[in-house]
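Model the full structure from these sequences, guided by the hints.
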Amino acid sequence: MTPGRSTQGFFGRAWSGSAPLVLWAAHFALCYVALALGCTAILGGSMLMTPDLLRLALAAATGIAVLAGLWLLLRAWRAAGPGHGHGGLLGRVRLVVAGLSLVAMLWTGLPLALLPLCHAA
Amino acid sequence: MSAQAPDAGGAPPMTHHSGVIGHGEAGRTLPSSLPRPPGELERLERVWQLPRGWRSVTAVNNTYIGKLYIGTALLFLLLAGVLALLMRAQLAVPNATLLGPDTYNQVFTMHGTVMMFLFAVPIVEAIAVYLLPNMLGARDLPFPRLSAYAYWAYAFGGLAFFCSLFFGLAPDGGWFMYPPLTSGEHSPGINADFWLLGIGFIEISAIAGAIELIIGILMTRPPGMTLGRMPVYAWAMLIVGLMIVFAFPAVIACTALLEMERAFDWPFFDAKRGGDPLLWQHLFWFFGHPDVYIIFLPAAGMVSVMLPALVGQPLAGHRAVIAALLATGFFSFALWAHHMFTAGLGSLSLSFVSAASMAVSIPAGIQVFAWIATVWRGRVRWNTPTLFIVGFLATFTLGGLTGVMVAALPFDWQVHDSYFIVAHLHYVLIGGMVMPVFAALYYWMPLLNGHGLSERWGRWVFGLVFGGFHLTFFPMHIAGLLGMPRRVYTYDAGLGWEWPNLLASLGALPLAAGVGLLVVDVVRTLRKPATEHGNPWNAPTLEWLPSANYGMRSIPQVEGREPLWHRPQLAEEVREGRHWLPGTATGLRETIITTPLRAEPSHVIVLPGPGWLPLLGALGTAAFFLLLTVKWVATGLAFGVLAVVCVVAWLWQTDRLPAAGVQVADHVRLPLGAARTRSHSWWATVVLLVVDFTVLASLAFAHLHLSMLLTVCPPPGAALPPLARMGLAAAGFVGSGVLLWWSGRPLATQGLSRARLLPLLAATLALAAAFGELLSGMADAGLSPAAHGWGASIAALLAYVGFRLVVVVVAAAYLAARIWSGLATPRQRATFDNTALLWWGLSVQGAFVALLPHAVAAWMP
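Residue numbers (the working numbering), protein chains in the order written: chain A, 1 to 121; chain B, 1001 to 1861.
Heads up, some of the hints might be wrong.
[Unchecked claim] Short derived list, chain A residues pointing at chain B, Cβ under 7 angstroms:
1) L21
2) I42
3) L89
4) T108
5) L117
[To be verified] Computed footprint of chain B on chain A; a stretch qualifies when at least three of its residues, placed anywhere within it, have a C-beta under 8 angstroms from a C-beta of chain B:
6) 27-38
7) 66-75
8) 99-106
[To be verified] Label-pair distances were calculated between CB atoms; the ranges are:
9) A:G9 - B:A1762: 34 to 42 angstroms
10) A:D52 - B:W1742: 50 to 58 angstroms
11) B:K1272 - A:A113: 35 to 43 angstroms
It should be emphasised that the hints constitute simulated quantities derived from the structure, not laboratory data. All C-beta atoms in this analysis are idealised placements derived from N, C-alpha and C, irrespective of residue type, glycine included.
So this is what it looks like as structure tokens:
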């Protein structure tokens, strides 16, 4: 085992196993930060940012994230699903975290459809 | 096994012969053959022997430090428990006068602080320090002195911090110390400073432990223990280590900011001068919520390891449980604001956090169902550890359910800061962590001296603790729903709070009696003469192999997830020295480093033996922070210098390799030591850099947060220096990094001669000049930290770069001394490589800090 191969193999697998969670984290951070920045701009009277534009941007980001999550889930399913020997530890971890991340992203996206954007609680 | 590559540091290629490894069946060739050379075991024992008498405190063995660490953490559990009893006595009846309001404030603050910072996190790290090397078949953790330093710093600092209570100097602002209550204006004494400096540096100790555990888990597993075969507890500790690395810097940053506000009047949290109290809450809970999972996941990992042994079945859903641990680790970072549901943040922002709070219950549920399925498939023997695990399942599930309730915004608005929250957090923390820790005490106690705790007493302990706990904390849900706020020192009669409070106080008595009985049994058991521990639970994991100060006689080859079940003769083979490294190859302490993924033997590292330096360094560090708190600045600085001298002196003894390679099995020689990406110290420095960048990111967040509150950025009366000057400073930081790289170029081939001191000096001067330009540029622009939160946040960034500069200058001087002494050679290059990592980190940070205020101002109105 060469050192390069060993390290690359480790990080490659670590990335493969955690990619759905990184996607969830990126989506969550984007929603939270974009909402904070967008509302700061809207409440500050910005001409560029409007509530509709902000909602559209967040909905689009959520749609893209969910599609990417579905793609990761599909890949994990193909690699580890029935008939594929379940793919060992990595295969099952990928599958479970892809499912969990997708549920979490859908859950995060739900309030977007139901609540006003920039009102204080 | 694949062929071994030559050592990157220039060591000769080592030899491997395939087919020497056992494959799980008796009769296959094992790594080392019998008979072993005479005197091999005696030499191993001599090298690893513990110092005796008053010198025993210089020991650094993980078993010794682990025991002290666990004992000290349990001591803090008792001390904070006594404080809890005082509170329950005070609240048993309305209008009680046992404790006055000021004392009560100190008592509840110390109870929460000690439980969270001095018991909960330390005990999970302590158990890992004790248990993990044996569970992973390693002789010790990869940085034994760092473990010892972290322990002693925690013990000295923690005990001194606790003693502040006896002088009326204990903090009194609650365990999460919200400003403005804790600002200089509203908390003028030094009580809050004790918390800020004391806890801040104890967190540094926790981070040191986390780095140790991450590297230990990834690099010192026994040959054959792939990640898929690694015990779930090690997985849990790996994830927890990474969580600590990302979460704890936030609390270090916010405590530093509040201390700077109190010491220098820099208004980070003062709304009147452009600060924001919510900034503290964001930063504190970005640490505080993951901290709950940092406490829970190790307990969950322990349960996942204990349960299979207790019911005689492998863990159900093993891979799904690992996935659940990973997901919990990630999700927990999105939950910080669920402590801020009533702070006035936007309803949609809070709903994102509410959704994440509910999502995290799914992976927790996966684990609970996996444990239930394991119990279902196995044969339950109702011994004490099993009782505590079942108690944990019931209690934690109830706490999880109330967690889902408070994750719903409208419900939380009703019960926020009420006794309902007190009940919820104790169900989660005592149910989710203390009960598994008690189960672990019963389960792993035989490892200490071969004797288990009393089963008969154990049933009483469980009954008293479980019954007492629910009698204490269940009524608090009712009190909370009836409107009783937390942290009140007394209450009037007639509000309906009398019965819940009386029941809670009555319940505290059996709870305390159960803990007391456990302590007596532990002391009684430890006084028995030591004997062989054997494998009393028929457990499958390696810690039950015969062991001594050196860990196992030979490091086992692992062939499956449950090695002791798959290979019952493993204990005998290991004891006879038939596996890896059956003696000491260099006459020093050693362990084998394996590759992180497949656990193939990579090289051997030399480990340090006993010494005074970690102890004295820890004493210096603790005294430095505590004396600064009481304003003994000169004495404090002297102790700070002592700490630095001790650390430098211990580093001076490292990075020396007595041989090129060593025999670790009959036909296998491995290199001694390795460089860069194969070196454990290189990776430890990388993890340290992650901590470092996360602290800076927290400070950058503070700047961004305060800038977003402005209508005009920079605020009226303030200005930014010209971009060209900041660009010049940034270029200086980057240029110094390039100069350092150039100074180290000959290292790979011929080592660094004294002539290389010149470019090293030039690189240092470039760094200092860049920082000087940064400071003078800001000063010329009229930066006034005390005038406005915006300026204070820039000053905090500058202060952090200044601190990093001091660290790098000390490292540069140390590197220069190594070069001068001829110790920077192709095989002894860790000093240069690790210094370079710290240096390049500073180069990036300096450039970032120089440009960040301009970038933020350009984007803001």
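Results for each hint:
no.: 1; hint: L21; in the structure: 4 angstroms, holds
no.: 2; hint: I42; in the structure: 11 angstroms, violated
no.: 3; hint: L89; in the structure: 4 angstroms, holds
no.: 4; hint: T108; in the structure: 5 angstroms, holds
no.: 5; hint: L117; in the structure: 6 angstroms, holds
no.: 6; hint: 27-38; in the structure: holds (count 6)
no.: 7; hint: 66-75; in the structure: violated (count 0)
no.: 8; hint: 99-106; in the structure: holds (count 4)
no.: 9; hint: A:G9 - B:A1762: 34 to 42 angstroms; in the structure: 39 angstroms, holds
no.: 10; hint: A:D52 - B:W1742: 50 to 58 angstroms; in the structure: 55 angstroms, holds
no.: 11; hint: B:K1272 - A:A113: 35 to 43 angstroms; in the structure: 39 angstroms, holds
In this structure, the hints that do not hold are numbers 2, 7, in rising order.
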